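Chain residues, written in single-letter form:
2 protein chains.
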Amino acid sequence: MSQPVVVDTVVALRAQIRDWRLHGLSVAMVPTMGALHDGHISLVRAALSTADRCIVSIFVNPAQFAPTEDLDKYPRQMARDLDRLAEAGAHLAFTPTVSEMYPTGFATKISVGGPSAGLESDFRPTFFQGVATVVAKLFLQALPDRAIFGEKDYQQLCVVRKLCRDLDLPVDIVGAPTVRDGHGLAMSSRNAYLGAAELGVARQLNVILRQAAAALAAGTDESSVTAKAAAALLEAGFDRVDYVAARESLTLAPWRRASDGRLLAAAWLGRTRLIDNVEVSSFIP
Amino acid sequence: MSQPVVVDTVVALRAQIRDWRLHGLSVAMVPTMGALHDGHISLVRAALSTADRCIVSIFVNPAQFAPTEDLDKYPRQMARDLDRLAEAGAHLAFTPTVSEMYPTGFATKISVGGPSAGLESDFRPTFFQGVATVVAKLFLQALPDRAIFGEKDYQQLCVVRKLCRDLDLPVDIVGAPTVRDGHGLAMSSRNAYLGAAELGVARQLNVILRQAAAALAAGTDESSVTAKAAAALLEAGFDRVDYVAARESLTLAPWRRASDGRLLAAAWLGRTRLIDNVEVSSFIP
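The listed protein sequences correspond, in order, to chains A and B.
Position 12 of the first sequence, counted from 1, bears residue number 12 in UniProt numbering, the numbering being contiguous throughout.
Position 229 of the second sequence, counted from 1, bears residue number 229 in UniProt numbering, the numbering being contiguous throughout.
FYI, nobody ran anything at the bench for these hints, they're computed from the structure.
Careful: at least some of the hints might be erroneous.
No distinction is drawn between identical chains; accordingly, a pair holds when it is met within one copy or between any pair of copies.
[To be verified] In silico SDA-like cross-links for lysine to any residue, where the CA-CA straight-line distance does not exceed 25 Å:
| id | residue 1 | residue 2 |
| --- | --- | --- |
| 1 | Lys-73 | Gly-237 |
| 2 | Lys-109 | Thr-251 |
| 3 | Lys-73 | Asp-221 |
| 4 | Lys-228 | Val-201 |
| 5 | Lys-109 | Arg-165 |
| 6 | Lys-109 | Ala-227 |
| 7 | Lys-109 | Arg-256 |
| 8 | Lys-228 | Gly-89 |
| 9 | Lys-228 | Ala-258 |
| 10 | Lys-228 | Asp-239 |
From a predicted model like this one, the values you see are computed outputs, not experimental measurements.
Same shape as in the complex, but just chain A:
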């Protein structure tokens, strides 16, 4: 187990990558906001399975938080994160400061249409602009061969794919399955906000989504399934449901039964907002 190289400037990042490139090594990147859990580690493993070198960026990106959101309390635990990356075999941790990423006078924004419409954007209207801009920067700083994103943030995965396709960003985007605890709860850095009782409620999110997806696949009407799932979430103890919605799995356009679908949800437990999503099998009645 060797410690990853830790760099906090673009210049140092590029110098290390240039050296790898001169040796003919391929590079995969895992962009994160730190507070690493088993889900992130699975992305590192996926990166290592397809590339010679794995870069993990750790950057809590202010541009993707609204002023009312949890930027300040978002968990930060760099020493522990670096230990986990060492265990997992990541080669480099890129840990830029906010001023390295957004120097004074920074003034450029990337907005991605298509899959960014609705769902998260209805509740976090500047979120994907913040994500797209920082992801484009990270990709242009590192120019990795590919990057691994978790399916847990499914709409984000679709937006990043679209960003790369539309701008001809030469990075392959790989989606990796959500890692869950033994009760089906998707790993999330925000799970750290949950007390013991809330954890029990949180675990119902995936249970209810899987039941709803099965009902959709069995031919039950979409609007009654999503309404019932939303009601079940409140019944289970969630305080508010932002959305439960079925979408086409590639474009996130409204779901048609003949196409592969994804059922996505966001709901609040106290001041913690959780998201999750599951596959919906295509079904032709």
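Given the coordinates of chain A, work out where chain B should sit on it, guided by the hints.
Okay, now just chain B, sitting in the frame of chain A:
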């Protein structure tokens, strides 16, 4: 004199560049909208003086024209352009179709703040978003070492520099001096719209700007200089003046006497809109 390679797909462009890179060759790019004149050819020469290979893109970018503007009548003369590129020694002409650049479903936009504010943006509000998005795409398609832009489109040059700095696009932006006819008229593809009488008026644009810049450098008050220059343009025969304005030469922030400045103008002759700009020497009274 050998003909440039002509490619119209990103795949073919990248294949040629990959081959050059394997041979250790450096690459410079000159993005154009075609209708090539001596100004463009000077950019090709600048490219060839600093890189082993020169790519010229020819793409009339719909995204930077407003619906009321001259997209349809913008001059297109591919055969003549390719002859001129052969004479100048360019190695590759990239001539994508609109659907190659903007496939169905394309939905991503880049907006650059800072130097894009005011001037052209006051009259062409979506222009720089169109420019920034297509330039980012061209750079990501080709990943050239550097790109050459004319100072004739001075605000565009500043916006492209800012785009690359903000997004960490690894392309050096080189500005090249405006090429003028014997009477000082800046070369422009839109000069082709001008009749003989209009040409005589058009030539006054640079004369009046140079006089105004000299007055600024001599200490005359900025607002009186720009108002006088605008009046002189109308007097000379221009039909409308969009702006005459002094700005800091790097940031395009309002000009302060202690800093290097640029005097920029846009004015209409019939249905033709001309722009030009000149240096303002720094002057501490």
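Quiz item: Is the C-alpha distance from Lys-73 to Asp-221 at most 25 Å within one copy, between copies, in both cases, or in neither?
Solution: neither (40 Å within a copy, 52 Å between copies)
Quiz item: Between copies, within a copy, both or neither: which fits Lys-109 and Ala-227 at Cα up to 25 Å?
Solution: For Lys-109 and Ala-227, the Cα distance exceeds 25 Å both inside one copy (36 Å) and across copies (35 Å).
Self-check item: Up to 25 Å CA-CA - Thr-251 versus Lys-109, copy category
Solution: Answer is both: 22 Å inside a copy and 18 Å across each meet the 25 Å cutoff.
Self-check item: Intra- versus inter-subunit Cα pairing at 25 Å for Lys-228 with Asp-239
Solution: within (16 Å within a copy, 66 Å between copies)
Quiz item: Which holds for Lys-73 with Gly-237 at a C-alpha limit of 25 Å: within a copy, between copies, both or neither?
Solution: Within one copy only: 24 Å inside a chain, 63 Å across chains, cut-off 25 Å.
Practice problem: Have a look at Lys-228 and Ala-258 and pick one of within, between, both or neither, based on CA distance no larger than 25 Å. | Solution: Within. Shortest intra-copy distance 22 Å satisfies the 25 Å Cα cut-off; inter-copy 68 Å does not.
Self-check item: Copy assignment of Lys-228 with Val-201, given that the CA separation must stay at most 25 Å
Solution: Result: close within a single copy only, 17 Å intra versus 72 Å inter.
Quiz item: 25 Å Cα cut-off: does Lys-109 pair with Arg-256 within a copy, between copies, both or neither?
Solution: neither (33 Å within a copy, 28 Å between copies)
Practice problem: Indicate which option fits the pair Lys-109, Arg-165 if close means a Cα-Cα distance not exceeding 25 Å: within, between, both or neither. | Solution: Both, since 17 Å and 13 Å are each at most 25 Å.
Quiz prompt | Intra- versus inter-subunit Cα pairing at 25 Å for Lys-228 with Gly-89 | solution = neither (44 Å within a copy, 68 Å between copies)
In summary, the structure is inconsistent with hints 3, 6, 7 and 8 from the numbered list given earlier, while agreeing with the others.
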